[in-house]
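Colleague: Protein chains in written order, with our numbering: chain A, 3 to 114; chain B, 11 to 127.
Rather than coming from a laboratory, the hints here were simulated on the basis of the structure. Quantities reported herein were computed from a predicted structural model and do not represent experimental measurements. Worth double-checking, as some hints may not be accurate.
[What the hints assert, rightly or not] Okay, derived cross-link-like pairs now, DSSO-like style, lysine-lysine, Cα gap no bigger than 30 Å in a straight line:
#1 B/K51 / B/K106
#2 A/K60 / B/K106
#3 B/K106 / A/K59
#4 B/K50 / A/K44
#5 B/K32 / A/K101
#6 B/K32 / A/K44
#7 B/K50 / A/K71
#8 A/K60 / B/K51
[Said to hold, decoys possible] Short, incomplete list of chain B residues facing chain A, as computed with Cβ under 10 Å:
#9 E13
#10 G38
#11 R40
#12 V58
#13 L116
Positions of the beta carbon are idealized from the N, C-alpha and C atoms, including for glycine.
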Amino acid sequence: ILNVEQSPQSLHVQEGDSTNFTCSFPSSNFYALHWYRWETAKSPEALFVMTLNGDEKKKGRISATLNTKEGYSYLYIKGSQPEDSATYLCALFPSNTGKLIFGQGTTLQVKP
Amino acid sequence: DTEVTQTPKHLVMGMTNKKSLKCEQHMGHRAMYWYKQKAKKPPELMFVYSYEKLSINESVPSRFSPECPNSSLLNLHLHALQPEDSALYLCASSQKGPGQGRNEKLFFGSGTQLSVL
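So here's chain A without its partners, still in its complex pose (with noise of 0.2 Å):
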C-alpha cells in the first residue's frame, strides 16, 4: 500500500511568517501530485496538479515545488495570513492504479 506522508501534522506561525510543509512518498512511478486546500467547514479546494516534469507551480503568496528523484513536494506559504489557516492536503496519483490516495494533512493555524 502506498503511503504518503505529510509532516508536520499540525503548524502555528504568526501573521507574516513564512512557512513550509512537506509531502513525501516512496516512489516516482506516479502521474501526478495535487495539493488541496481545506478550510474548516468549507470544501476542500484545489491549489495545485503537479506532474512529472516537476515544475515549480505559484499562486499568489503560494507555491509549490516536485523533487520526483528523492520522493518530495514542499507547499511555501510567504507571509503567512489568518486566512491562510486551514489544513493543507497532499494526494498522489500512482501509475499503477486509478484513485488519488491522500495524506494526512497538515493544519495550518495562522494568529494575528
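Mind docking chain B on chain A? Use the hints.
Modeller: Relative to the frame of chain A, chain B by itself:
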C-alpha cells in the same frame, strides 16, 4: 457554477435505519467520487463513477450502495450501518474519469457528517 453540493450536511441514524446521501454538480463533469474521512485520517476512496458507470469499488461493504442516476447526480444509500461507519462522507467530481484525466483536479463538496448510533 463550480460547486459540488452535498445534502444533508449532518445526519444521525440508527443501525436499523435506511438513509441516503446526495451529491450534485452542474459542471458537466463525467466522473464522480465518494470518499470517507475519519477524524485525523486521510480521505479514503470508496467509489468512482465514470460516465455514469461504476468504475472503482474499493471493497466497500454492501451496506453502502452507490447510485448514479445521471451525470449530475450521485447518491450513496446507507442501510444497517455500524457505529464505526460514523465519518465525514465527501463527494467529488472531475471533468473526465480517473483513467483519462489523471492530471485533473477534483472538485469537492463540503461533506455529510454522519453519526451512527
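Colleague: Compare the structure with each hint and give your call.
Modeller: How the hints compare with the structure:
{"no.": "1", "hint": "B/K51 / B/K106", "verdict": "holds (27 Å)"}
{"no.": "2", "hint": "A/K60 / B/K106", "verdict": "holds (25 Å)"}
{"no.": "3", "hint": "B/K106 / A/K59", "verdict": "holds (23 Å)"}
{"no.": "4", "hint": "B/K50 / A/K44", "verdict": "holds (16 Å)"}
{"no.": "5", "hint": "B/K32 / A/K101", "verdict": "holds (22 Å)"}
{"no.": "6", "hint": "B/K32 / A/K44", "verdict": "holds (17 Å)"}
{"no.": "7", "hint": "B/K50 / A/K71", "verdict": "holds (29 Å)"}
{"no.": "8", "hint": "A/K60 / B/K51", "verdict": "holds (27 Å)"}
{"no.": "9", "hint": "E13", "verdict": "holds (8 Å)"}
{"no.": "10", "hint": "G38", "verdict": "violated (17 Å)"}
{"no.": "11", "hint": "R40", "verdict": "violated (14 Å)"}
{"no.": "12", "hint": "V58", "verdict": "holds (7 Å)"}
{"no.": "13", "hint": "L116", "verdict": "holds (7 Å)"}
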